[in-house]
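Chains as they are written, first to last, in this note's numbering: chain P, 1 to 284; chain L, 1001 to 1433; chain B, 2001 to 2242.
I should point out that these hints are in silico values taken from the structure, not numbers from a laboratory. No false leads were mixed into what you were given.
Under the rule of at most 20 angstroms between Cα atoms (straight-line distance), these lysine to aspartate or glutamate pairs were calculated in the EDC-like manner:
1. 1311(L) / 1241(L)
2. 1246(L) / 87(P)
3. 2070(B) / 264(P)
4. 218(P) / 2013(B)
5. 256(P) / 272(P)
Bear in mind the structure is a predicted one, so any value in this text is a computation, not a measurement.
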Amino acid sequence: MFAFQEKKEEAKVTQAAQAQEAEVIPVPEEPPVENKVVADKVTVHYSGAQALFDIDLEIPERRVTSLIGPSGCGKSTFLRCINRMNDTIEGCEVGGTIMMDGDNINGNDIDVVELRARVGMVFQKPNPFPKSIYDNVAYGPRIHGLASDSAELDEIVHRSLEKAGLWNEVKDRLLEPGTGLSGGQQQRLCIARAIAVSPEVILMDEPCSALDPIATAKIEELIDEIRENFTIVIVTHSMQQAARVSQYTAFFHLGKLVEKGLTEKIFTEPDDQRTQDYITGRFG
Amino acid sequence: MNSSQATTVNPTTQKIRAGLKKRYAAERRFQFYGMAGISIAVIALLILFVSIGSKGYTAFVQTHVELEVFFDEQIIDPSGERKTDELSRADYAGVVKATLRARFPEVKNRRDKRQLYGLISTGAAFDLREMVMTDPSIIGTTQRVELIASDDVDMLIKGHIHRDTEESARPIKDKQIAWIEQLEEAGAVSTPFNERLFSRGDSREPELAGIWGAIVGSFYTMLVTLTLSFPLGVAAAIYLEEFAHKSKLAALIEVNINNLAAVPSIVFGLLGLAVFLNFFQMPRSAPLVGGVVLALMTFPTIIIAGRAALKSVPPSIREAAAGLGASRTQVVFHHVLPLAMPGILTGTIIGMARAVGETAPLLMIGMVAFIVDIPQGISDPASVLPVQVYLWADAPERAFVERTSATTMVLLGFLIAMNAAAVMLRKKFERRW
Amino acid sequence: MASEHIVKSFDEELSRLDNLVATMGGLAESQLHDSLAALIVRDVALAEKVVAEDRRIDGMEEEINDQAQKLLALRHPVADDLRLVIAGLKVSSDLERIGDYAKNIAKRTQILTDAPKLGTSNSIKRMGGIVESMIRDVLDAYLARDIDKADDVRNRDEEVDALHSSLFRELLTYMMEDPRNISYCTHLLFVAKNIERMGDHVTNIAENVIFMVSGHRPEDARPKDDETPFTLVDSESAVSSV
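Pulled out of the complex, with its shape left as it was, chain P reads as follows (with noise of 0.2 angstroms):
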């Protein structure tokens, strides 16, 4: 046989025999997923002026879906409209549907308390009210009613404290005042505080941009932990941040969406320039 010849029966023999690799290694395999948070059209105003321009996108269920975008692109106002905290800002209007598990969240029928008990929220700087560690984690479950007595009541507050990865600094003394941690465990402490209340939905505006590298990647490494129960979104100024810890990215700017994906795609082969730009740090 002519080398030549060979080769080129390689080259198609290669593609197919690549195919079978799958069994040497097996790449890690993510299952289809359902999406949890589907928004159509959205749109915001901000008395008059628009923030937002019909945004659709799907925040898929156990998933972690990271916003990124420049200063003032509306990731966060975006991620504000999941569970209407835009609803406090006056003269604030939001239009479109956000659907989750059939029902339109932006809807008027919609009770808020009872969809904040289901999107739970975490925000920039860490924010713990001036209670004890004790009172904050049970803050949530005792205005929802979700403890039948103070044995449940504490059950609940372990928990969380515990998949929070705060217990064990916390658990002698509980009783102390929650704003007396560092300012990693105070965002632990409200990470707990938000899953107390067993939401489905988590949303995090920027939760590390206070923190230093160690609390960051402790942080980091909660929501790889916790994303097996919640869905999660996280909107962040780190575009590091947010190709090692989410799974889907969606890119704004200027209140547009304009590219959403896999993270592995969108930081590899980008299909839309802008998205390239931005995140080589060609544009701010």
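We have chain P already, so just place chains L and B on it with the hints.
Frame of chain P; chains L and B shown alone:
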């Protein structure tokens, strides 16, 4: 820094250095102005306290004369049956007079006797009655009793009346002075603490007059004021700050509340007179009416302080609570209000301190009457401390001068205590977010 | 061993890269072994199997490239993590070449089935054995992050080069003795060259291991003893080297 390194100073640093001297001079001048301002204020305050204190401190003691009192059964209980109402109506003044006659047997002349009797206060008789009613077994015995001296004697002993002025120029006569001096030499004259001042109500006789009635009256008035203005003021502040939508109406309300805080207090008095007394026929001179009028005055202060305190609660706490699913009411009452409470309390105490010292509106609603009895409730006629000061300041008796100053000292004491409490509260509950 | 990253999934992805390299290396080693075994006992079926299996090695290089790219894009490693990823990339490329050489040897086996058994079998077997053990040891050094072992492997290439030089002269002699040997000996020359090149690639891998662990390349030049560029055999059956 070594001066040897100054050879190559860049021009920017040179410019800065040139201006430094002036800047430091300006700062020192400012510091001086501040210190001067504070010093002037402090000195003025000191002058105030010293002048009042020096006039008033003597009122805290009252001259007493120790005499041997014979509880003559003939005068007190002629029937010997020890019947209560008979004992109560006996002529104890006569007992006092008999005691004096016994002490100074040389006094025969009727005019001299009147002067002698003038040494002891008319209130002494009531003290003797108290003693007999408490313990009738002393009838027929002789006891050493400290009897209250009359106000003129009191003034003499305290030095407000000088012994070497002309006799015609002073209310106390030479013979009386001689008798006093005899008693002084015998060691019978003493000046113990004037507990009457703090246990009795007003009286025509200065030596019997006390401010307890005014204190109780002030207390009841403040009680009514607090009970009315605090809950309503806090509720109004919460509504205006947290629940009312930002509209023209809300802005109008805010302007009106700020103006209300600046209305002269006597206008509130007129309002009280016209509406509460004439229209609603509420009892005159009662702490109830006074309290309502003062509540109207304090109301805007509490609202303004309350709104400022509520505004100062950082939005991050509200967001955190709202994000967990707390309703608007829950956010306010579970989180915002507890954090705003120190500020609200401070504002309330300051408002109340102002109300304690208010006189004009209370004069209008009649709390200027001469009230002897201690008020038992909020609808009994009463007086308040500042009004008491006003009344006594007008009285002719010299002894009332010192008592006016003493009352002022007590009033100032309350005000200082209330303001100190406000400062302490604020410091204690100041939270770091 | 270094401690773990706070974010465990990072460790998981790095160890996946390690596993891929280890598996690929094992494959390359067995390819070499099989190709030489096939050559020496003239087993054509085994040689054909070796040729077919090379696709798997190529596929694994693709996978390692993908995993490395994913690590760089999503984890942006620094310091030792970065060197690990870069080393993985380069090592996989060397292993792929080793696989290619093994395939090349296997192809020639099919031609050499009718060749007379020449005395060179033993030398070739010995050379192949050394390179095989070098591959094993360098993979161990890679996984254990062992600089000393890698250095040792680096030095063993000298022997491979020496064996190659003597094989070269021997084969030249056979060719000059009998012109009917020329075809077979030429193929055997290529086989020997392939094995020698494999040794060089293993040395590359060893140097990358040293780079991965210590952060810099070895300072001394690798020992070389390849005299073949300078070897001439003239027509008087005397063998001389310049």
